[in-house]
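*Asks:* Using the sequences plus the hints, can you model the full thing?
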Amino acid sequence: MTSRTDKTRLSSLHTALEAATTYSGWRQVAAEIDTLTGAAAWRAEDDSPHLDGRRLRTEIGEMAALESAGQAQALARLLQRSLHEVIGDLTHSALYAVALSGTKHVVSDYLTAVEGAIRWLAATPGLSHAEKRALVAQSDHVHGRPALLLSGGATLGFYHLGVVKALWSEGLLPEVLCGASMGAMIAAGIATRTDGELSELWEDTRQIRRMGIRFAGFARARAQGALLEPEVIEDTVRHNVGRWTFRQAHEKTGRVLNISVSPTRVGQSPRLLSHVTAPDALIGQAALASGAIPVAFPPVTLRALDAGGQEVPYLPDETWMDGSMHGDLPKMRLARLHNVNRFIVSQTNPHVLPFLGLRGRRGLLPRAARLLARSAWSQSQQAFQVAAKLSEPTPLHGWADLAAHVTRQDWSGDIDIHPRFRWSLYRRVFANPSASELELFILDGERATWPRVETIRQHTRLSRILQATRSQPSAAPTAAK
Numbered sequence: 013m014t015s016r017t018d019k020t021r022l023s024s025l026h027t028a029l030e031a032a033t034t035y036s037g038w039r040q041v042a043a044e045i046d047t048l049t050g051a052a053a054w055r056a057e058d059d060s061p062h063l064d065g066r067r068l069r070t071e072i073g074e075m076a077a078l079e080s081a082g083q084a085q086a087l088a089r090l091l092q093r094s095l096h097e098v099i100g101d102l103t104h105s106a107l108y109a110v111a112l113s114g115t116k117h118v119v120s121d122y123l124t125a126v127e128g129a130i131r132w133l134a135a136t137p138g139l140s141h142a143e144k145r146a147l148v149a150q151s152d153h154v155h156g157r158p159a160l161l162l163s164g165g166a167t168l169g170f171y172h173l174g175v176v177k178a179l180w181s182e183g184l185l186p187e188v189l190c191g192a193s194m195g196a197m198i199a200a201g202i203a204t205r206t207d208g209e210l211s212e213l214w215e216d217t218r219q220i221r222r223m224g225i226r227f228a229g230f231a232r233a234r235a236q237g238a239l240l241e242p243e244v245i246e247d248t249v250r251h252n253v254g255r256w257t258f259r260q261a262h263e264k265t266g267r268v269l270n271i272s273v274s275p276t277r278v279g280q281s282p283r284l285l286s287h288v289t290a291p292d293a294l295i296g297q298a299a300l301a302s303g304a305i306p307v308a309f310p311p312v313t314l315r316a317l318d319a320g321g322q323e324v325p326y327l328p329d330e331t332w333m334d335g336s337m338h339g340d341l342p343k344m345r346l347a348r349l350h351n352v353n354r355f356i357v358s359q360t361n362p363h364v365l366p367f368l369g370l371r372g373r374r375g376l377l378p379r380a381a382r383l384l385a386r387s388a389w390s391q392s393q394q395a396f397q398v399a400a401k402l403s404e405p406t407p408l409h410g411w412a413d414l415a416a417h418v419t420r421q422d423w424s425g426d427i428d429i430h431p432r433f434r435w436s437l438y439r440r441v442f443a444n445p446s447a448s449e450l451e452l453f454i455l456d457g458e459r460a461t462w463p464r465v466e467t468i469r470q471h472t473r474l475s476r477i478l479q480a481t482r483s484q485p486s487a488a489p490t491a492a493k
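Residues in the sequence shown are numbered consecutively from 13, following this note's numbering.
To be clear, the hints were calculated from the coordinates, so they are not data collected in a lab. Where is the CB? At the ideal position from N, CA and C, for every residue including glycine. Incorrect hints may appear among the rest.
What the hints assert, rightly or not - Now the in silico label distances, taken between C-beta atoms and shown as ranges:
#, residue 1, residue 2, range
1, A142, R432, 50 to 58 Å
2, F227, H26, 37 to 45 Å
3, Q219, V278, 25 to 33 Å
4, V441, A142, 48 to 56 Å
5, K264, A235, 36 to 44 Å
6, H251, V324, 19 to 27 Å
7, T206, R66, 42 to 50 Å
8, A142, W214, 39 to 47 Å
*Replies:* Next comes the structure, spelled out in C-alpha cells:
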C-alpha cells in the first residue's frame, strides 16, 4: 500500500515531470516515479503473460555461445528463426504501458544480443559477402522500417517541430518522413536539411519563418476564392524549404520525404509525392499544394525542374489541395512504396485532437465519453457518405464527397504522439506564432514525445541496425542506441 508520504512525493514528481525542459531531466524523474510505483521492479522481472522471458534468456545465451564458437551459419539461422517468432511479442503494447522509463530489461537485453550478433555476422569472414548481403536484405525486407507521419493542423502543426527535435536528438528520427498540409511543410523543411543543418536549426530557431498567414481583403478573397493571401505562405515556404526537388533532397540528406496532396477534380486520385513517384517535382510547391486548405488558400499547380534546370508545370492540367483531405496518414501507400511496417504519428488536426485526448483516461466518465465520441464519429461517417451519394448530380457533390473522405480516414498509427488537448489551442489555429510561442510549440512537442522515446527506441532498434548494416555490409556498423 502506498503511504501518504509516497503519494505526496509522487504528486510532486509528476509535477516535475510535466515541467521538465530536457529529456535527461525528464528521464531522471521518470525513473524515480517507477521506483516508487513498483514499475522498476516489474522491469527487472522476466516473467510476463505477453512474452516468454525464459526463452529470450535462453536464446541470448545461444547467440553468445555460437558467436564465441565462430559458428556463423548456425548463428544466422538462429537469428532468422528467433526474430520471426518473437518480434511480435517484443512490440506488444502492454509491455510499454507500465513503466515510464522503458519496458522489461529482458526485451532490451535480447535486442542488444541480436544487435551484437548482426554486427558480428557483418564483420566475420565466416560468411561470404554475398551471404551477408542476402541475410541483411531478407531481414530488412521481412521486418521493414519505421516512418514518421506528420498530420495537418494549420498553426498547431508547429508542434511537429518538437516531435522531430526530440527524436532527432536521441538518434531515433526515421529515415522515412511523410507529411500532409502543415505536416508537409514541416517534413519538407526537415528532409531538405542534413544533420549538421538541423543541429544549427535547433540552436537558432529564428531561422524559421513563421509569418505564413495574412487575410486577404474582401475583393481579393472573392476574386481568388480564398480568404488568405497565397503569396505570403509561398514566400514562407520558399524561405524554409528552398528550391529542391525530391530527388535532389534525397541525394543530399538520405531522407525519404513523402508529401500527400489531394485532387480538386472529382475522379482524380490523391498522390503521394516522393523521390520514387515524382523525383523532379519541386518540394516547396508540393508542400504548398498539400497545405492549400479549401476556402483558406487557392488550389496549387505542381511544378518540376526539367533536364536544363528550368521550372515547368508538373501535371499542368491538374490542381491540388490540402493533403489531409484524402491522405492525412497514407499508411498503405507508404508500406507499398518504402516497406514501412511501423508508423509513428504526430497528430495535430483540430478535429481529431478532442478524440485522442480521451484515450488513456481511466474511470467511468472517460469511458462513457469515448463511447459517445466513437458513436458520433461513426454516425458522421454514415451521414457524409449518404450526402455524397445523394448530391452526385449537384454542385454540392464535391464538398460532400470531400467530407466523406475526411471522416473515413484512420487518424492514428502504431505509436501516437499528440499535444495535451485543451480548448485554448483553437485560438491559435489560424494565427502566426510569435518567436516565444514557437519555442513553446517546440517544447510542448518534445514533452509529448519523451514518454514515447523508449517505446520507439525498442520498436525501431532492429530496423536501425539493419539499415546501418545495409549501408556497410562488409563492416560492423555503429551500434544503435
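*Asks:* Are the hints correct? Go through all of them and say.
*Replies:* Right, here's what the structure says about each hint:
1. A142 x R432: 50 to 58 Å: Given a distance of about 52 Å, which is inside 50 to 58 Å, the answer is holds.
2. F227 x H26: 37 to 45 Å: holds (42 Å)
3. Q219 x V278: 25 to 33 Å: violated (40 Å)
4. V441 x A142: 48 to 56 Å: holds (55 Å)
5. K264 x A235: 36 to 44 Å: Holds: the Cβ-Cβ distance is about 39 Å, inside 36 to 44 Å.
6. H251 x V324: 19 to 27 Å: For V324 against H251, whose Cβ atoms are near 23 Å apart, the range 19 to 27 Å holds.
7. T206 x R66: 42 to 50 Å: holds (45 Å)
8. A142 x W214: 39 to 47 Å: holds (42 Å)
The structure fails hint 3 only (numbered hints given earlier).
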